[in-house]
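We have chain E already, so just place chain L on it with the hints.
There are 2 protein chains.
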Amino acid sequence: MSSSALFADLYEFTMLRAYFELGMNAPATFSLFVRNMPPQRNFLIAAGLNDLLHEIEHLRFEPRHIDYLGSLKISSQPFLDWLADFRFSGDIYAMREGTPFFQNEPILEVIAPIAEAQLIETLVLNQIGLQTILASKAARVVAAARGASVVDFGARRAHGVDAATKGARAFYIGGVESTSNVAAGQAYGLPVAGTMAHSFVEACASEMDAFQSFSEVFPETTLLVDTYDTIEGVKKVVALARALGTNFKVRAVRLDSGDLDMLSRQTRRILDDAGLTDVQIVASGGLEETKIDALTLRGAPIDVFGVGTDMAVSSDAPAVDIAYKLTEYAGKGRMKLSAGKQSLPGRKQVFREFRDGVAVRDVIAREGETLPGVPLLQPFMLSGRPVAEQTCDLPQIRDYAKEQLAALPPHLKALGSHARYDVAISDALASYERETRARVID
Amino acid sequence: MSSSALFADLYEFTMLRAYFELGMNAPATFSLFVRNMPPQRNFLIAAGLNDLLHEIEHLRFEPRHIDYLGSLKISSQPFLDWLADFRFSGDIYAMREGTPFFQNEPILEVIAPIAEAQLIETLVLNQIGLQTILASKAARVVAAARGASVVDFGARRAHGVDAATKGARAFYIGGVESTSNVAAGQAYGLPVAGTMAHSFVEACASEMDAFQSFSEVFPETTLLVDTYDTIEGVKKVVALARALGTNFKVRAVRLDSGDLDMLSRQTRRILDDAGLTDVQIVASGGLEETKIDALTLRGAPIDVFGVGTDMAVSSDAPAVDIAYKLTEYAGKGRMKLSAGKQSLPGRKQVFREFRDGVAVRDVIAREGETLPGVPLLQPFMLSGRPVAEQTCDLPQIRDYAKEQLAALPPHLKALGSHARYDVAISDALASYERETRARVID
Chain E
0 MSSSALFADL YEFTMLRAYF ELGMNAPATF SLFVRNMPPQ RNFLIAAGLN DLLHEIEHLR
60 FEPRHIDYLG SLKISSQPFL DWLADFRFSG DIYAMREGTP FFQNEPILEV IAPIAEAQLI
120 ETLVLNQIGL QTILASKAAR VVAAARGASV VDFGARRAHG VDAATKGARA FYIGGVESTS
180 NVAAGQAYGL PVAGTMAHSF VEACASEMDA FQSFSEVFPE TTLLVDTYDT IEGVKKVVAL
240 ARALGTNFKV RAVRLDSGDL DMLSRQTRRI LDDAGLTDVQ IVASGGLEET KIDALTLRGA
300 PIDVFGVGTD MAVSSDAPAV DIAYKLTEYA GKGRMKLSAG KQSLPGRKQV FREFRDGVAV
360 RDVIAREGET LPGVPLLQPF MLSGRPVAEQ TCDLPQIRDY AKEQLAALPP HLKALGSHAR
420 YDVAISDALA SYERETRARV ID
Chain L
0 MSSSALFADL YEFTMLRAYF ELGMNAPATF SLFVRNMPPQ RNFLIAAGLN DLLHEIEHLR
60 FEPRHIDYLG SLKISSQPFL DWLADFRFSG DIYAMREGTP FFQNEPILEV IAPIAEAQLI
120 ETLVLNQIGL QTILASKAAR VVAAARGASV VDFGARRAHG VDAATKGARA FYIGGVESTS
180 NVAAGQAYGL PVAGTMAHSF VEACASEMDA FQSFSEVFPE TTLLVDTYDT IEGVKKVVAL
240 ARALGTNFKV RAVRLDSGDL DMLSRQTRRI LDDAGLTDVQ IVASGGLEET KIDALTLRGA
300 PIDVFGVGTD MAVSSDAPAV DIAYKLTEYA GKGRMKLSAG KQSLPGRKQV FREFRDGVAV
360 RDVIAREGET LPGVPLLQPF MLSGRPVAEQ TCDLPQIRDY AKEQLAALPP HLKALGSHAR
420 YDVAISDALA SYERETRARV ID
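Keeping their order, the protein sequence lines are chains E and L.
Numbering that gives the first Met the number 0 numbers the first residue of the first sequence as 0 and each following residue consecutively.
Numbering that gives the first Met the number 0 numbers the first residue of the second sequence as 0 and each following residue consecutively.
These aren't lab readings, by the way, just hints derived from the structure by calculation.
Do not take every clue at face value.
Beta-carbon label-pair distances, calculated as ranges [stated by the list, open to error]:
1) E:R86 / L:Q211: 29 to 35 angstroms
2) E:Q389 / L:P408: 56 to 62 angstroms
3) L:S416 / E:N24: 50 to 56 angstroms
4) L:P408 / E:S88: 42 to 48 angstroms
5) L:D272 / E:G330: 51 to 57 angstroms
No more than 27 angstroms apart at the CA atoms, straight line, and that leaves these computed lysine-lysine pairs for DSSO-like [stated by the list, open to error]:
6) E:K331 / L:K234
7) L:K412 / L:K401
8) E:K335 / L:K234
9) E:K234 / E:K248
10) L:K234 / L:K248
11) E:K401 / E:K290
12) L:K290 / E:K335
13) E:K290 / L:K72
14) L:K234 / E:K340
15) E:K234 / L:K340
16) E:K412 / E:K401
17) E:K340 / L:K290
18) L:K248 / E:K72
19) L:K331 / E:K234
20) L:K72 / E:K248
21) E:K290 / E:K412
22) L:K290 / L:K412
23) L:K290 / L:K401
Just so it is clear, CB atoms sit at the ideal spot from N, CA and C, and this is done for glycine as well.
Bound-form chain E, shown alone:
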């Protein structure tokens, strides 16, 4: 889903007009970073870059956009003509998708003539914010599942179609196995999953009839057993197995309400006693990481968790304090000093230091410094064109995220913990910050 070139705050256009009229077209650097981690997160996982780069590369103003901007009385004809020819021609450096990151670290830097870098602000914040929030939430849910599979059931509760579809991609990066969202399956080649809802059971003459009919059409299905009474539903699956004999191919039952710990144990026992040890148990219904954690900790025999609402909207942290700030213009460092909203000047790099395979410290440095550790910001777009060597397919991004998560100190990953990772600022950056501050105050 490609968004309109008009998807920007009006002030981007008024500032662009002013830059245009004032002849301000020197190169600028804008930095994307999260000022503070949400209270419930010790780190976030960068995601959304690939979709963003695609949008930026193809950002064009169509005649209907130009007409609309003309109607707003913020434009002059020469400015509108300039917009009609707009192409993003800048460079973008970023952390790879799937990289865990921390407060104040630049996760993306745009270097371009100031108007170009300014125009994409709203899009960058919206799109990287969305997938980052959702990939980060998914990683928590997946960790809580302790090896059981997690399926994204969130399409109906996500905030709109864009969130549902890009969310499915972000969840996959965070470790989720598959999605119920067919549009996302098509858009990103994600595995899709889903079988039946209560409405099918209710529309049939009886629950038994529903199970029989549905498994005739889809022999290797999952039967939803809680429409009327969960345990009675499971017993009907056993009766169906007896009736069908070797033709019984049902793969799983799904529990969608009630006490999932107790019901999963009863269900497992009934299935095992009937020799249906291969029939798996899928659980869903209001699940999020703390409930899943409690279930897996106590050993509830659940093979697959279907997770919707809470993951779809990242309900405990639906927004992050993500900012896109001018840090350099015309070769000079820039920063604001507004209370609680300072930013670090200039182009930067982030070095991650590892010890015995575990990340121990990040250092935010000036671009061009060489410090110990792995430099996390890499070129992804140069002169408006994506850098081909950086192209990753989604399973590669997912593997990279898994590997990077595995390299984080364990205390950062514990669900309820409030731990802080050491993020330092290089001496060179600290002194550049002091110089810049002195200059702008002056």
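Relative to the frame of chain E, chain L by itself:
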């Protein structure tokens, strides 16, 4: 932005295939309702219907959709051929957009051959859920502003482009004056607003230079004064006014950080002392209804509130427990009995009773009953076509919402209150519920 016909959970397609193979094509009724109000909401405001109806009317499977579904191995060729010819042919009854509603009340009912009504489930939940959540949040923010204007600054923090754009529409229904989102302005004809960001100030040689240059291009603008030091920034606006004399047309200053109560008072005093009594004060930066309520209650001299993140994601209630349930099939009432998830059978109507212009009670009744009060469910689509007489433009919807909010009991609207409105079930519906329950248990 039109979504793909594939925007549905996979189980909708597997159920459709089963309905198709089993010859189940009798009329069904599905009901959309919210099971429980979120703890922070005494009511919600219905929104999103117009966009939804447009999508349903134009829902078509294109060849690339059919090819993808064919690749999933859940389909047969006759089923794919049937999908290729799919048109929604059903009826939709709904509450008008802008109607406040309560727990368990049907806000929308779909009557159609079961496969048609089933297919649109994900879309209905996602789209009505989104705009309903956001319109409801906006109404709280607007109430807290006590007559000051509210501007939507949320595009960058909304969950994706669809949420940002439809959100701007929902906020407008909830009483917000304008949006910063230009794409939403174009899509819905909304008033748009915005002038300058910190980056413009930082890119200029000095703050004074920035104010001077910007107000040359846009004389009637709002100047952002907190880039370095808010009070110093305000003093520069005063200096600019002195320098420009009668050519000074600046309309407002914007405060975006710090103690907004204190800073707005100091700013007002400085402006007034300089004779700039017409220059308004815009405040923004992490605002939501409780902070705005505190500011307006204490009389902070703020004329306009710019509200972003918290409204954009409805951060205190980012999801609602909205459900779309089969209530009738082939002329018989249907319901599920799953723990905590019961639904009311059959087609329904909601009557709202008023006393002295104040809503006092709602009664959920069977369709066809005539009871005291205003029937809230009206036909919006018949045989797949929108009902022309129901078409409202957005300002009409906004006015209607304002009028309906004014008719709610005041205790429901107090920000922190947990009050419950009386929602009764008619005798006829109660006895139909008992009959249906007895039948399905049987």
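- Which numbered hints are broken by the structure, listed smallest first? Hints 4, 5 and 13 are the ones this structure does not satisfy, whereas the remaining hints hold.
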